[in-house]
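Engineer: With the hints as a guide, bring the two chains together.
Sequence lines, in order, name chains X and L. Residue numbers for the first sequence follow this note's numbering, so the first one is 1 and each next one is one higher. Residue numbers for the second sequence follow this note's numbering, so the first one is 525 and each next one is one higher.
Keep in mind that the hints were calculated from the coordinates and are not lab data. Among the clues, some could well be false.
Far from chain L by the CB rule (all over 10 Å, computed), these chain X residues [claimed, not checked]: (1) D41; (2) P49; (3) P168; (4) P220.
So, partial list: chain X residues that the calculated Cβ filter (under 7 Å) puts toward chain L [as the list claims (entries may be wrong)]: (5) S50; (6) L128; (7) G131; (8) N142; (9) Q223; (10) V243; (11) T245; (12) I247; (13) P254; (14) S258; (15) F408; (16) S440.
Just so we're clear, the structure is a prediction, and the values are computed from it rather than from any experiment. Built from N, CA and C at the ideal position, the CB exists for glycine as well.
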Amino acid sequence: MRRLIALLLAAALTLGLTACGGEEQAAEPVTVRYGLSNAWDSLMPYNSPSGSNYTRIICDKIYDRLAYVHADGTLDPRGATGWESADDGMAVLFHLDEKAAFHDGTPVTAQHWADTISLITDPNCPALGRGTFSVLAGTDSNGCALEGERLGVEAVDEYTLKLTFKSPTTPEDFLLDKNRELYVLPTHLLADTDPAEVMELDLWDAPVGSGPCKFVEEIPGSQLVLEVNQDYQLGCPDFDRLVVTVIDKSNLLPSLISGDLDYYAFGGNVSVEDAETARASGLEVAEGEVPNTFYELMLNCQTIPSAQVRRAIDLALDKEALCLQSTQGLGEPTATDVTPGAEYTCSLTWQRDVEGARTLLEQGGYDGRTYSLACTSNRSGLAALMQQELDEVGINVTIETVDSAALFSGMADGKYDMAIASHTPGALPLWFTASRLSESNNIFHIADLEPYTYYIDQISASAGWEKRQVLLDKLQELLADQRPFIPLWFGRTLHVQSPTVDNIDYPSSSFSNENIWAWRMKGA
Amino acid sequence: MQEEANIMGRYLRRRLLTAIPVFFGITILVFCMLNLAQGSILDLMGEGSGATDADRAALAASLGLDRPLPQRYLAWLGDLFRGDLGTSYANGKQVTDLIAQRVGPSLLLTGTGVVLAVAIALPLGVLAAWRPRSGWDRAASALSLVSFGVPGFFLCLAGIFLFSVTLGWLPAHGMYAAGRFAGLPDLLRHLILPAGVVCLSSVGELVKQTRAACLETLGEDYIRTARAKGLTDRAVMVRHAFRGSLIPVLTTILSHIPHILGGSVVVEQIFGWPGMGSLLFSGISGRDYAVVMGVTVVIALAVLLTNLLLDLVYGLVDPRVRYGKG
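The shape of chain L in the complex, shown without the other chains (with noise of 0.2 Å):
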């Protein structure tokens, strides 16, 4: 026992280890594209505006944009080690407090969608393979196809025009009626219609994903000695071949965890809803480096992390697993 946690430990280091350099190929790489992309914030000080070239130079100085990409980069770096993702280049606000400001509203809105569709995808994907070619097959399929295929912008517009615009029975934009919190109920009404997308845009995937899992354990020879031992289909679905197929359900269901954190930038843009992804989108649009970077170190901070928890849960859930060396 105690070994193997020492190799588990050992193997957890490792992946730490290697998640570093991957972590900073990310930024690096991010960096690069933002600032080697054409234009910058100084193209977008409107013509009209009064702004003349010398405000340009002040304005490229103020925010560094004027010194090499290296040591703009290393500055960015140097910041990032204290705590410090920077300032907004559009507004002058902390990065770190805009995030902070975004980073709920996000939180509650793909992780209402995702949970949602867990609920529904496991038992939807478990029934679909318990009864191939049944209705609830079909139905899984259908779900599927329209997740998978029509477009995430697609559905919040057909969503609005349905839910909103027909039949007036959700709001058609924003978190709160009246700007700000004014009750539970009333952000319930705000978040069905979006979390509805976000579920409806993940569904897809995870339900596929536990059907073929569950069909493919059902074949296994344990299912069979389990069936043999007179098991009811149910205990042999629930007990065994659900069980048995978490590892590949669990990978998917986790991947959305960035995806949580980061917001989906379509369905919070067309919303208005103000989480990460619609912070993302005004900064890639405004050429605000700052925010994309930040934005960026979170969404990779939490692609890294999640990797590594799937790791463990891994261990977790199949007992088969086993972290052995090299």
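Just chain X, with the same shape it has in the complex (with noise of 0.2 Å):
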């Protein structure tokens, strides 16, 4: 009886101290509670092992970037107020706010940008995704700065950066490519530091950026809190601080209905099931009007060395089906990688077609091996699909259900024949081809890049729509003829808004960029 009393007293103790709790709660600072369903890694954005989007997300709220990309590829302003092309287009000039400071209060001079640049590119330096400055003169493919080249980095005056590139690009282009991989670093604190030893700094630990956060704390993996940056140049949220907690994809919707978390990361998208949900809570979800999933079949062209047998497989698939199954009506089957809506076109079209698929195979002298298709347990169903639609022209396929890492490491040794992946798209008309297409990175086995490159290349170094768009429609066309990849559809996101917060640009979250500093509190 008395360990029931004492039962009975701990409880009424516990229930008391929790009524207390909402008093308490009252003082503190007013706080946004942000889910994420994975880890960042490094909060050095220049030495993330991943260069995931996750680590992107938390970087541009902690560090400032050039530009604000929309989910149309429409740029507004951010780290600079405007720019121009410079050099017959060889060059571009950034004009720098003035307004922009370190969280320490030292203004953001286009000296940092330079020196941002300059020490990464430092051979030295073991900075990871230094690729992105590949563009830049006076560097290797790498991106390594070339030793007795002049590197393509200039500031020159207090606001005004000057960046020179390999070909001509246009301020437009440079953007929408590099935009989410550039950030300016506190470098009047690194003035001192041996490039080489730059990443062991403890300022990476509690770092110091431009952006419309400041750090506060963090439980590496699993907890970052910022505070807003009241001094951003864009302005600043009505809310005091962001909490950022890594909670598994299966809570995060349920946490959002309970109010215990007011956005997730990459504009709450949900799929067509959980939207109903969502909406039977009371929130409310909006339809995203730009294509932000590319799908594609990765092909082993060293195992399926004949493109005969590699456009059977692209005839054989339905992918109105796939796209139906995976997308619940919220995407386009595609023949191509170009990205509808954007600036550039492709007028290829694809169609089912069985009896084609049969001919191409025998042509192809298909010896009805057994082709492995890799895939990750989320996609496993549309792997079946697939399965048993390459059946119906007689491929046989065996599926592997595997995480993304093995996925990729399978692809690039070549264990897997083919495998199922996914891509946010771009705008650019060598958004996904130039990456992959590349000595550097020849997932697909390609034997012969050349004819590829030679496409990429002109492409890249021509200046002006027209003869992009020509060059753009012979690259397709090779792609079609050769398929080392099977384009299969891009889809649309339904998007959970908040219940708590306003003006979140959700879209635009898919360039791994937020107009953190636009959110406002609901009712505030």
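Structural biologist: Structure below.
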């Protein structure tokens, strides 16, 4: 009996303390709780092994970028108030915002941007992902500065930054392609540091940036507390803190519905079924207008050497059904990697043709071997459907369900014959092909890359839409003829609107940037 | 007495000596499994991140991934002897620091869950054995059925749906509402649901063990003797039957210690609880071998020490247990 009374007392005490909690929290700073399904890695943006969007979306808060990229490819000022072409299209001048300052109060100048780029392209600096800078004059294909050559970055004056390229580049093309990997570092705090040791600094444990949020504390891989930068040049939101927590995907929507989360990363993207749940729970769901996923079937051209067989696979797949299974009506099958709705177009169309596929298989000398198809567990249904469709034309496939590291590794070392992958599409004509049809990333195991790189180089070096469009058409014809990968569909997203925060530009998170400075608490 | 202590000392030394190769065996096994699995952190370097082959080669060299497997293991072992568990591949932080940061929340979450489970299971198991086919017994069976039959992730999601989404009583995730300690009530509110799931997951085995052990003891001669001496049912149960059943029950309880230290991967991951389980999960999915090995060392040591502790406790609990030769 005494134990029972003790238990009851303990329960009453707990409830009492819980009730007190409400009053105690009222004095707390206004906090926006932000969910993320995967952890960021490094808070030093040029030292992220994954280079993932999860790291980018976090670095986007702490560090500043030159521009803000909208989902439709339009650009807004951010660290730079404007930009213009110079030197006959070989350079771009960025006019920097004079109000921009680091979190320690030091103004951000063109010299900071120039020093950042000089540091990261320094071959002695163990930076990751500096391939971003390989477009600049004076760098090699890995983005390392070449000895004896002038690096294509210059602080023209205190607030004008000049970037010089290897080939003509418009400011818009550069920003669409590279903005999300270009951050300004507090180089005034790195002045006496050996570039070789820059990644070892304690500074990256409590980073100082010039972005819309200041670092407060971190439990690496689990939680990050940020404070709003009241002096950010584009303004600041009407809350004080942003707490980023890594939560399993399965708990993101329930947390939003229960009011324990204000927003979750990448535009609160949900599936069609989850959207119904969200609506039923009183949340608003909006449909994205621009495609934000591109699905492809990666092929191993070494183990499937015949272009006819690869084209047969393309014709055998019912992209309409696959797209419907995956996007539930929020996607369009495609014959190309050129993003619909962007500036560049492609006239190629796709239609399933089972008989045509069988004929091509015969012509290609398909010997009845069984191909391995790798996919991640969430796409096993899709893979099963593909297996069924390929079986219809006589292609044998076994499915291997693996995680993404094993999938890409297996494709890279030739273990798998096919794999299902998805990407965030870009508005530029070479957003997909330039990085995948290259010597440094020949993931499709193409024996001779030259025909592709010829067009890719030509398109990169051409100025003007018309000339590029003509070359792009030729590249797409070559891809359709050789089929080193099979474009499947472009998908759009459903965004669950935050019940507590207004003014969120949901779709633009696909470019790894969020307009957090414009966020407003509802009813504030 | 002195001789008994000497025998026990020799026994413990022998157990410790056998634990050493077991520990190294575990580390070799985990190290090989991790490193031989398809894919590494180099394969996770984003395709669109501007990472080049040179970047991958540089990262491989800096992490030592370009060296043969035995060399890598020996290097890791050398660091371990110096008390260095290495640095995380993902964020460059010391693994010991990461573990130190995560072990507290795990102890709190899993420890609370297991203590609650013990608090429920022991009396319920004893009552169920005392009054077979009674309401207590049926309750114990039902609880065991739920505990064994319902997977942890489902319990998490069902708990969130019921207590967070539908009733709005408890928070659905995290350890604190505003990202940092804001008083005990806030922590308790966040703790109840995940600790409840841990409790429910563990309670079935404990109830079952307690009930079975008590039932077995109740059939012993000395229990009959105790009853014949005129002791009350309650005295027989508490003083004799329960004490006699302690060994299997203690084994089950103490076997949860590594679980407490290692955290509950599923519960921590779903609830966004910053413990060892979620650290292990992110280490595995991010191919962060240093982190996975670090957590493995902690869990392996916990298992081995727990086994040793069990041997010691047996002797204390049951005077019949003797540590003989051989």
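Engineer: Which hint numbers doesn't this structure obey?
Structural biologist: Hint check: 1, 2 and 4 fail, others pass.
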